[in-house]
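Asks: Protein sequence lines correspond, in order, to chains A and B. Residues in the first sequence are numbered from 1 upward in steps of one, following full-length UniProt numbering. Residues in the second sequence are numbered from 1 upward in steps of one, following full-length UniProt numbering.
Treat the hints as calculated values from the structure; they're not laboratory data. The C-beta atom is built at its ideal place from N, Cα and C for all residues, glycine as well. Just to be clear, a hint being listed does not mean it is correct.
[Unchecked claim] Distance windows between CB atoms, simulated:
1) Glu53(B) with Asn111(A): 24 to 30 Å
2) Thr97(A) with Ile461(B): 37 to 43 Å
3) Val28(A) with Leu468(B): 33 to 39 Å
4) Val229(B) with Asn42(A): 55 to 61 Å
5) Thr27(A) with Glu53(B): 31 to 37 Å
6) Thr27(A) with Val229(B): 26 to 32 Å
7) Asn42(A) with Leu467(B): 51 to 57 Å
8) Asn111(A) with Ile278(B): 53 to 59 Å
9) Glu73(A) with Leu379(B): 47 to 53 Å
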Amino acid sequence: MKVPKTLLSIIILVFILAACSSNSNATVDGVKSMQDTLVEMNKNMDTNDTVKVKEDAEKLEESWKKFEDGIKENQPDMYEKVEGPLGIIQAGAKQDTLDQALLKDQITKLNDTLKQIK
Amino acid sequence: MRYKITTLIMLFILLFPAGVFADQASVDLQKANDHVINAFQLAEQNNLIQSKEEYEKYNTLWYKNESGIKDKSKGAYRSIEERMGEVQFAFAQSPAKKVNIITSLKALIEINQTFISGDMSAFKDPSPTGSTTIDDLVKLLDEAKAALDQNNVQAAKQQIQSFRNSWLDIEGLVLTQSSKVYADAERDMVSSFALLTSNPPNVADAKQTVKNMRDYLIPLASKTSYTIVDVITILLREGLEALLVIVALLGFLNKSGHGEKKNWLWYGLGAGVLVSIILGIAVQLLFSSGTFGNNNFLIIGCTGLFAAVMLIYMSYWLHSKSSVVNWKQYINNQSTKALATGNLWSISILAFLAVFREGTETVLFFIGMASSISLTTLLLGIVLGILILAILAFLILKIGLKIPMRPFFLVSSVLVFYLCFKFLGTGIHGLQLAGLLRATHTDLLPSIDFFGFYSTWENIIPQSILLLVAIAVVIRNRIRDQKLQVQMNIQQ
Numbered sequence: 001m002k003v004p005k006t007l008l009s010i011i012i013l014v015f016i017l018a019a020c021s022s023n024s025n026a027t028v029d030g031v032k033s034m035q036d037t038l039v040e041m042n043k044n045m046d047t048n049d050t051v052k053v054k055e056d057a058e059k060l061e062e063s064w065k066k067f068e069d070g071i072k073e074n075q076p077d078m079y080e081k082v083e084g085p086l087g088i089i090q091a092g093a094k095q096d097t098l099d100q101a102l103l104k105d106q107i108t109k110l111n112d113t114l115k116q117i118k
Numbered sequence: 001m002r003y004k005i006t007t008l009i010m011l012f013i014l015l016f017p018a019g020v021f022a023d024q025a026s027v028d029l030q031k032a033n034d035h036v037i038n039a040f041q042l043a044e045q046n047n048l049i050q051s052k053e054e055y056e057k058y059n060t061l062w063y064k065n066e067s068g069i070k071d072k073s074k075g076a077y078r079s080i081e082e083r084m085g086e087v088q089f090a091f092a093q094s095p096a097k098k099v100n101i102i103t104s105l106k107a108l109i110e111i112n113q114t115f116i117s118g119d120m121s122a123f124k125d126p127s128p129t130g131s132t133t134i135d136d137l138v139k140l141l142d143e144a145k146a147a148l149d150q151n152n153v154q155a156a157k158q159q160i161q162s163f164r165n166s167w168l169d170i171e172g173l174v175l176t177q178s179s180k181v182y183a184d185a186e187r188d189m190v191s192s193f194a195l196l197t198s199n200p201p202n203v204a205d206a207k208q209t210v211k212n213m214r215d216y217l218i219p220l221a222s223k224t225s226y227t228i229v230d231v232i233t234i235l236l237r238e239g240l241e242a243l244l245v246i247v248a249l250l251g252f253l254n255k256s257g258h259g260e261k262k263n264w265l266w267y268g269l270g271a272g273v274l275v276s277i278i279l280g281i282a283v284q285l286l287f288s289s290g291t292f293g294n295n296n297f298l299i300i301g302c303t304g305l306f307a308a309v310m311l312i313y314m315s316y317w318l319h320s321k322s323s324v325v326n327w328k329q330y331i332n333n334q335s336t337k338a339l340a341t342g343n344l345w346s347i348s349i350l351a352f353l354a355v356f357r358e359g360t361e362t363v364l365f366f367i368g369m370a371s372s373i374s375l376t377t378l379l380l381g382i383v384l385g386i387l388i389l390a391i392l393a394f395l396i397l398k399i400g401l402k403i404p405m406r407p408f409f410l411v412s413s414v415l416v417f418y419l420c421f422k423f424l425g426t427g428i429h430g431l432q433l434a435g436l437l438r439a440t441h442t443d444l445l446p447s448i449d450f451f452g453f454y455s456t457w458e459n460i461i462p463q464s465i466l467l468l469v470a471i472a473v474v475i476r477n478r479i480r481d482q483k484l485q486v487q488m489n490i491q492q
């Protein structure tokens, strides 16, 4: 009989598809992505890879854009604490020679703030 | 010289009083900008500590009012924030360099003034109307690629920058369609820009990255959808097949003198329709985007391929001549048995099976379409299809209309093959967008939405195979028929 087979196939397909579905939380994802980039950036600072550092700075900005509005609304003090070091990192990464001490300091600051974001 | 600039700036402010520009964002920024001007003057007088304090005041005001500026121009907002970053960097440097502080403050004052003056042309805004389309983005990438082909790094950089600005407007749309493409584009637009701005620029890698971006964004620009004709076609083909079985069963009842017991048949038919509808609704609910979040391309992909496979299986195996003969024989046997034993339940079950068999098929095809058709079109198609079926049923049952079977099955076979081809195309396309399949583009063939045909090798190869197999089957049948004809002629 063909009908039960067909039904079975539908049910299996539904289960497979259900397993593929996912939910995401913009803030949690955003913070995680920024922290990952900061770790990368730190490494690239050590090897003095200016191109990579610049790329990391851009990545930070892109990630931040996605959830900054939410933070500004719900945790305004955190918002300012992120914008400060983030702005400095953006500008610092564009320099021909990296100001290692300053950038590392700002990376730490930004990372500490990100940890406090709920 | 410095005083000249300051005087010029002051003059500029006096010439363009805030009152002229009615909007609040400009007024707010002008107030805040006064602190930057103070900071600038203090820095010039070597008073860097107080200069920083003045800048901090600007910063506080900025946070308070930035949303107004962002609403007015995202491009301006980004540019101003960038300059602010430079000022903060200059102040944060140890030891602080006066020249850097002054230069960065000057740049910030200038950009703030541009915004206050209302001259938004200086800011590359992602289209202010919000009408950016994925096609526009692809065009920008084409231009960037063309510029890179001519080694014009500057122009390519500008195109990528415009792409990034426009991205803000469209990222939501991309994300709802494919989280994979979204993530890739976010990564690649940053890396292509970085490659171009590095010293020396890495043109070869940037070109490759831009090409990749183009490849995975193009599929998003064209979105195949199904039309009401597709819906009606399926319903008519499946409905008519069920109808033919019902007509046959009715014939049996009448022939054996049980004509008055045809209610049993209608019960079975009604149950078949009902179960098919329930199955349809359940499946529709399960496959709705609510269940699957942002990955709706995965639904299109999996359901499209599933429908294509089922369609091939049913059309070429279940509906093959031998199978139809068996099915008819099964009905004949069962109905004869039912009539012999007087067990009319069997007639009901047969009617149910006939309807349910076609109904399940119909549901399967509708699943394949569901994610690429609006609910109104789908429902309208179903209603219209049912209406046409009802009229046909009336004509066949009451008036005794005879359907020309050969042309009917010929036309409907072609239509079903067309749908199968389309299901396969959209299924593969969906999986590409969901990131499960690669998309290798070629300019050899154009994309044709009507056929669910996309110009990637991953689409072209399986769809060509399907087409070739179909042609082979048609030719084989033709030859077999001819042979039969010849044999019959000889026998005669």
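Asks: Decide, hint by hint, whether the structure agrees.
Replies: Going through the hints against the structure:
1. Glu53(B) with Asn111(A): 24 to 30 Å: holds (27 Å)
2. Thr97(A) with Ile461(B): 37 to 43 Å: violated (52 Å)
3. Val28(A) with Leu468(B): 33 to 39 Å: Violated, since Val28(A) and Leu468(B) (Cβ atoms, about 50 Å apart) do not stay within the stated range.
4. Val229(B) with Asn42(A): 55 to 61 Å: At roughly 59 Å between Cβ atoms, Asn42(A) and Val229(B) fall inside 55 to 61 Å, so the hint holds.
5. Thr27(A) with Glu53(B): 31 to 37 Å: holds (32 Å)
6. Thr27(A) with Val229(B): 26 to 32 Å: violated (46 Å)
7. Asn42(A) with Leu467(B): 51 to 57 Å: holds (55 Å)
8. Asn111(A) with Ile278(B): 53 to 59 Å: holds (54 Å)
9. Glu73(A) with Leu379(B): 47 to 53 Å: violated (40 Å)
Of the hints listed earlier, those the structure fails to meet are numbers 2, 3, 6 and 9, in rising order.
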